[in-house]
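These are the residues of each chain, in order.
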Amino acid sequence: MGLKAGALSLVIFLFFLGIWHATTVTPARSGGALTEYEQLMGKSAGKQDGLPTPAQMGSAVKKHLSDPFYDNGPNDKGIGIQLAYSLMRVGAGFLLAALVAIPVGFFIGMSPLLYRALNPFIQVLKPISPLAWMPLALYTIKDSATSSIFVIFICSIWPMLINTAYGVASVRRDWLNVARTLEVGVFRKAFQVVLPAAAPTIMTGMRISMGIAWLVIVAAEMLVGGTGIGYFVWNEWNNLSLTNVIFAILMIGVVGMVLDLMFGVLQKFVTYVE
Amino acid sequence: MTEVRKLYDANTDLSSPCGCGRHRTQHEHDHDARNDANSNDAQVLGSQAIESAMVRALFPADGMRRRFLKAVGANTAMAAIASVLPIGAMQALAQDKRPLEKKDLKIGFIPITCATPLILAHPLRYYAAEGLNVEVIKTAGWALIRDKVLNKEYDASHFLAPMPIAITMGVGSNAQPMNVATIQNINGQAITLANKHKNSRDPKQWKGFRFAVPFEFSIHNFLLRYYVAEHGLDPDKDIQIRVVPPPEMVANLRAGNIDGYLGPDPFNQRAVFEEVGFIHLLTKELWDGHPCCSFGAPTAFIKEAPNSFAALFRAVLKGAALARDPKNRKTIAESIAPANYLNQPVSVLEQVLTGRYADGLGNVKNDPSRIDFDPFPWYTMATWILSQMKRWGYIKGDVRWKDLTEQVYLLTDARRHMAALGHKPPAENHKKIIVMGKVFDHNAPDAYVASFAIKRV
Chain A
1 MGLKAGALSL VIFLFFLGIW HATTVTPARS GGALTEYEQL MGKSAGKQDG
51 LPTPAQMGSA VKKHLSDPFY DNGPNDKGIG IQLAYSLMRV GAGFLLAALV
101 AIPVGFFIGM SPLLYRALNP FIQVLKPISP LAWMPLALYT IKDSATSSIF
151 VIFICSIWPM LINTAYGVAS VRRDWLNVAR TLEVGVFRKA FQVVLPAAAP
201 TIMTGMRISM GIAWLVIVAA EMLVGGTGIG YFVWNEWNNL SLTNVIFAIL
251 MIGVVGMVLD LMFGVLQKFV TYVE
Chain F
1 MTEVRKLYDA NTDLSSPCGC GRHRTQHEHD HDARNDANSN DAQVLGSQAI
51 ESAMVRALFP ADGMRRRFLK AVGANTAMAA IASVLPIGAM QALAQDKRPL
101 EKKDLKIGFI PITCATPLIL AHPLRYYAAE GLNVEVIKTA GWALIRDKVL
151 NKEYDASHFL APMPIAITMG VGSNAQPMNV ATIQNINGQA ITLANKHKNS
201 RDPKQWKGFR FAVPFEFSIH NFLLRYYVAE HGLDPDKDIQ IRVVPPPEMV
251 ANLRAGNIDG YLGPDPFNQR AVFEEVGFIH LLTKELWDGH PCCSFGAPTA
301 FIKEAPNSFA ALFRAVLKGA ALARDPKNRK TIAESIAPAN YLNQPVSVLE
351 QVLTGRYADG LGNVKNDPSR IDFDPFPWYT MATWILSQMK RWGYIKGDVR
401 WKDLTEQVYL LTDARRHMAA LGHKPPAENH KKIIVMGKVF DHNAPDAYVA
451 SFAIKRV
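Sequence lines, in order, name chains A and F. With this note's numbering, the residue at position 104 of the first sequence is 104, and numbering never jumps. With this note's numbering, the residue at position 43 of the second sequence is 43, and numbering never jumps.
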């Protein structure tokens, strides 16, 4: 089954490459000297019009990946360094969000009163596009690097908060009752009964949050610039280099997938069978 | 001043070995200098030392100096020497060589050819030569430049010429005093239209067009408004003007999001290169010699770190002087093309900088003054910018034309630094401005604003 699926994936990929190649390859220019106007229009330089062919794409990928950590000054760094900057921002914003969301979610989940009191606020804040926070953040925080971390923080806090609260609130009554009959203390109840029971839901919230954080960082860095994969996309957009933009899209996809897989593994650790 | 007078006194002896000529030995001089430094007179002493050195250089034999002074009189000699030697400028220069308050500086820039002088100073190590460790940081748009300067993330920055005026007045942001040290470039902008408008070259046909400009407080916005208004269109009602960061203009033009833009190069030439638009006109055809971008810093930074700022000033002026020379333009195109700076094809930059370019309509045009990098911040430019801010209702009420202009544009400092570098600054503070055939009188800006038919006053 796995082998068959793999083979099918490969066939689909090759088919996609074939179509890509057929639609992008352009006939070579017929000979003859260029006029000055044509030269100025970049006709001689092998200027690339529109989408790159798979071969051009391949050589761009090779070029970027063969030297991922070069540093030519503040505005031109290798793809590895850019990704590291983005991951650092996502990591910082996400960790801060987890530090706030999980304890707060825990309390909200334990107390139906708090849950109801805070719910309207959460519902209003949750759907705000993270980038809408950016101008406000830049104005109040007065630092663009911190602002982008703040944006990650504010967008990744909600899924974790809601999932934690939901997971904690829906721990089976029987287990809580058992804990009560055994007269365990508050902390013991929280850490040895509620937390393990709610852990899979909390982990799902974290996984969703990480996905959102990774989506948002690209947009935030395009807006704020400086460093990171989002800045890389912006810089190549500025140069209208579709090849490099596509390469960046690929990298964003791959890194996003790796992050998701990591949380998938973590999720397995905390899942239990009733 | 008495010390300086001594230089011109026929009866004193300057043949002493110490630096200032007041002491018998270098040791005594050092001792006094330490005391003087404590008494906060170091600056005055520094300038005396220069003058002293110069007078002594003119008259290596002290006897000759005395005879000369006896013959012509001390005052005449002082005036005569001051007229040949730029003593004031050299003193100023020497003062600027004093310790830098801040060495690690960040300068923001937008990746456009306007920023050439301040970018060039980086690969050519002009900043490093001043003892500065400068990072020039590419920024995504003008609003971000404004915010990062206000947040002190950048010490100094590439600005649009009107931005420091707007920020100082608190129009479109919190008020914070800003200064323009130099103009970065004159001319170098164009109106680019999408290819589908090849047959609607007359602005009267532009009703309903959507145009992009880089920022509200930009010469681009004011020139586009001026241009369409001269052709009878009201820029607020008959066309739409949107703010789009320069690097995103070509992509928007290709997507059909906008019909054209009055934007900075290389994005006009880039639109031609990508075959999505053509150059309708160069802005020098509207106002030859108009300012576009500037180099400036918050007044607070200049006060805190005057020597670092002076060092920046010199480095950027050196960059401008290099960029002005037409024979350097091809090399410059190559040195600012890499991803670290403009990230553009060399050919596009070369067409912008040399002025031999394809216009997108099948013609090769030749206009060596397509862009120039005259750094002198004329007061008249600032007054004209204010007049347009007033005309379009960005500022209301009475305007302190002269005060604001002279507060924001550091014309005298630019002149001093240029003189010290041997760049021959102009002696006047104002120059004649003619926009689309109409002369601007900087002494009567209110009458100028009132003279327009289409306005928001």
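Possibly wrong hints are sitting among the right ones.
Said to hold, decoys possible - Not the full set, but computed from the structure, chain A residues with beta-carbon under 10 Å of chain F: (1) 76; (2) 116; (3) 145; (4) 223; (5) 235; (6) 237.
As the list claims (entries may be wrong) - For each label pair, taking beta carbons as the anchor points, the in silico distance ranges come out as: (7) 114(A) - 101(F): 22 to 32 Å; (8) 197(F) - 6(A): 17 to 27 Å; (9) 21(A) - 330(F): 44 to 54 Å; (10) 338(F) - 68(A): 11 to 21 Å; (11) 426(F) - 61(A): 26 to 36 Å; (12) 121(A) - 210(F): 34 to 44 Å; (13) 124(F) - 58(A): 36 to 46 Å; (14) 21(A) - 256(F): 42 to 52 Å; (15) 265(A) - 197(F): 52 to 62 Å; (16) 142(A) - 125(F): 24 to 34 Å; (17) 124(F) - 146(A): 25 to 35 Å.
Claimed, not checked - Footprint (simulated), chain F over chain A, 3 or more residues, beta carbon under 8 Å: (18) 7-20; (19) 62-69.
Just so you know, these hints were derived from the structure itself, not from any lab. Backbone N, C-alpha and C fix where the C-beta goes; we use that ideal spot for every residue, glycine too.
Consistency of the hints with the structure:
Taking 10 Å as the C-beta contact cut-off toward chain F, the hint placing residue 76(A) at the interface holds, the least distance being around 4 Å. Hint status for residue 116(A): violated, given a least beta-carbon distance of 39 Å to chain F, over 10 Å. The closest approach between the C-beta of residue 145(A) and any C-beta of chain F is roughly 8 Å, which is under the 10 Å cut-off, so the hint is satisfied. Using the Cβ-Cβ criterion of 10 Å, the hint placing residue 223(A) at the interface with chain F is satisfied: the shortest such distance is roughly 6 Å.
Because the closest C-beta pair between residue 235(A) and chain F is about 6 Å apart, less than 10 Å, the hint holds. At a threshold of 10 Å, the smallest CB-CB gap from residue 237(A) to chain F is about 6 Å, leaving the interface hint in force. A hinted range of 22 to 32 Å for the beta carbons of residue 114(A) and residue 101(F) is inconsistent with their spacing of about 53 Å. As the Cβ distance of residue 197(F) to residue 6(A) is approximately 52 Å, the hint placing it in 17 to 27 Å is violated.
The supplied range of 44 to 54 Å is broken by residue 21(A) and residue 330(F), whose beta-carbon atoms lie about 37 Å from each other. The beta-carbon spacing between residue 338(F) and residue 68(A), approximately 18 Å, falls within the hinted interval of 11 to 21 Å. One distance hint, 26 to 36 Å for the beta-carbon pair residue 426(F) and residue 61(A), is violated here, with the actual separation near 54 Å. Between residue 121(A) and residue 210(F) the beta carbons are some 39 Å apart, a value that agrees with the proposed interval 34 to 44 Å.
At about 37 Å, the beta-carbon gap between residue 124(F) and residue 58(A) stays in the expected band of 36 to 46 Å. Roughly 28 Å separates the CB atoms of residue 21(A) and residue 256(F), a value that falls outside the hinted 42 to 52 Å. Between residue 265(A) and residue 197(F) the beta carbon distance is about 57 Å. The supplied range of 52 to 62 Å therefore holds. With their beta carbons about 32 Å apart, residue 142(A) and residue 125(F) fall inside the hinted range of 24 to 34 Å.
With their beta carbons about 34 Å apart, residue 124(F) and residue 146(A) fall inside the hinted range of 25 to 35 Å. Three residues within the 8 Å Cβ limit are the bar, and the stretch 7-20 of chain A against chain F gives 0, so the coverage statement is violated. Check on the stretch 62-69 of chain A: 0 of its residues sit with their Cβ under 8 Å from a Cβ of chain F, so the three-residue criterion for coverage is violated.
In terms of the numbered hints stated before, the structure departs from hints 2, 7, 8, 9, 11, 14, 18 and 19, listed from lowest to highest.
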